[in-house]
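Under this note's numbering, the first residue of the sequence shown carries the number 717, and numbering increases by one thereafter.
Fair warning: there could be bad hints in the mix.
[Said to hold, decoys possible] Subject to a maximum C-alpha distance of 20 Å in a straight line, what follows is the list of computed DMTMM-like cross-link-like pairs (lysine to aspartate or glutamate): (1) 1108 x 1027; (2) 974 x 991; (3) 956 x 1056; (4) 1225 x 1148; (5) 1238 x 1192.
Calculated from the structure, these hints are not laboratory results.
Predicted, not measured: the structure shown is a model, and the values here were computed from it.
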Amino acid sequence: MNTTYLNQHTFLSPIYKNDCLQAVFNAVRAGRCARVLGPRFRSKSALMLAAAQMLQEQGRHIVQIMNMKQLPILREQSFLVKLSTDLLLLSEADLFASLFGWLQRELFPMDTPMPVEFMQTAREFREGMVTLVQRLDRPLVLFIDDLHAAPPNVALSLLDTLADLFTAVSQHGTPQFQAVIGGALNLEPVGDEPSTRFLHVSDLVWIDDLDAQEQQAFGLAACHRAEVEVAPHGLETLFKHTGGDLFLIERILQTALKQLSRRGQTELASPRMTEAIDTFLNSPPNAKVTQILRQVEGDSNLLHCTLVMLEQGSISLNQLPMAVSTFPNILDLCGIFQRDDHPQNGQTYRIKNEIWGRLLQQHLNPADIGGFYAVNGRWQQAFHYLGRALNKGQSDVRPALFTAVLNAMHASQNGLGAFNNLAQGLAATFPENDCHLYRWEEGSLTLLYPDPQTSDESSHFDSHHQSEIQAITGADYTITPINDEIRLLIPLRSKQQPNNPIGLVSLGKLISQHSPYQRQDKLLQLVGFLRQAAQIIEERSQYASLLKSAEERETRLNRLNGMLTQMLHHREWSERHILQLALNGIASPYGLDFSRAAFFMINENKQCLHVPYAIG
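Let the sequences and hints guide you as you build the complete structure.
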């Protein structure tokens, strides 16, 4: 058996979270597994490597450490994808075969390698690992770093298998195999069940921000390596703005030291640190900063929370659009947010510091936000942000905004819902143009937007002399003065039924920066968009009508079926009672919704019809 000791000089960086390091060591010594979780780029890898070295030096365990990103790749397609993307194209079969093959080579290099096709499932991996562990003279501790790089289903399957292996090889309460996993891994439960069995056999080691003593030690050590003296309050300015965030402290301090080196200076004073913070904020973000910021765009719930915090300062737990019953959750793992406890408001989340707030504001483009909301079906937020981008001069988002409005209308339950989505979309597109939306029914116009109850505008038009009534049966669009204002009137007519208008759009303030009447091509584009919208409204109205008819028919049939079942199950009932039930099945509100029903019988003696039973 080959026993390879870790190199004593392979630390990635000095360890400043000594309590976390001891927590990993104590968990393994207590016979437990461990999960080292925290935001990205917070020196989790260095801490896991230090813990592995401590265990190796103790001599009681065989220690193997592996990074998920360096896992041997078996498939050619996965190798090619890895060259062009940060995604890890890895199936469960690939993971188990690669991991077992790597461990077998490390632990028993003289063994014949296990064929890949014999190590394709979790059961095969577990059974193979049991055999390897039983051949070892000491317990095996396996460190797996950057587990978040694997697809979620693969990561959870591996964690379940590691938990099963931990239980399978325990002898009289003494584990022969333990696993320490690390990464920015979200292990929140799905429903009431835990996401993985690994939670029951492992201790959480959370990599938090640096405390005051750790901040000071980190800053002084970095300045000492750069041969720079720290002036009074020089580092306090940095710590005040970063709040103990190791990632920001490291990046900004590195910027400050580079600036001092270029100028030939050897003292770090508070003004130099302030200058470094400004340089960091005003420079293009590097790849790691961008990767952290992109986390908020990858989840619609997280994006919503971020925007609320940017606008309101904080968000309480009962305002969150998702459940956060466990720690750490998706907000904690971002590394951008801080959870606070308030006596009155309870627990809230806020953006950790002003630097992250500035970076988020620079990164979150309204057009990108609106597009992401549209993809996730959050239509009102999509209209708001796409409209904001459009009215700030990003005219290229107009097709995306119109597409989002049409998709929202398609998702409506009925015609009125489609009307409401159209109104919200037009209000976002033309926020300064006093948009009005009317519905045409039975020869009259009814105001739908703005809300007639909160608007001073007339909510009903039926006079044929009014401009709105004339415009709805007129040309594709009409320019006419209404109440001392020139307004643009566009009837809602579908291509399939151009002679049957269903509504009217009225826009004012045509002489303005964002007027819909500035360019002919844009106006014709708006007319075409509204024709498509009219078609969708008609389709949703027809769908709602058919759905209502089908539901009513189902209700009637269920009622009649229930009555017939009763009759068949009670043969002792009299003829009079059965006939009375039959009439009840016909008359409203019990069955077929007829208001009146009568039952005629032949009187053979008098040769005539008589009515013994009637309802209504």
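Agreement of residue 974 and residue 991 with the hint, judged by alpha carbon distance not exceeding 20 Å: Holds, at roughly 12 Å.
Restraint check for residue 956 with residue 1056, where alpha carbons must lie at most 20 Å apart: Answer holds: residue 956 to residue 1056 is near 18 Å, not above 20 Å.
Residue 1238 paired with residue 1192 [C-alpha distance capped at 20 Å]: holds (14 Å)
20 Å limit on alpha-carbon distance, applied to hinted pair residue 1225 and residue 1148: holds (7 Å)
Pairwise hint evaluation, residue 1027 against residue 1108, where the allowed Cα distance is 20 Å at most: holds (19 Å)
When held up to the earlier numbered hints, the structure conflicts with none and fits them all.
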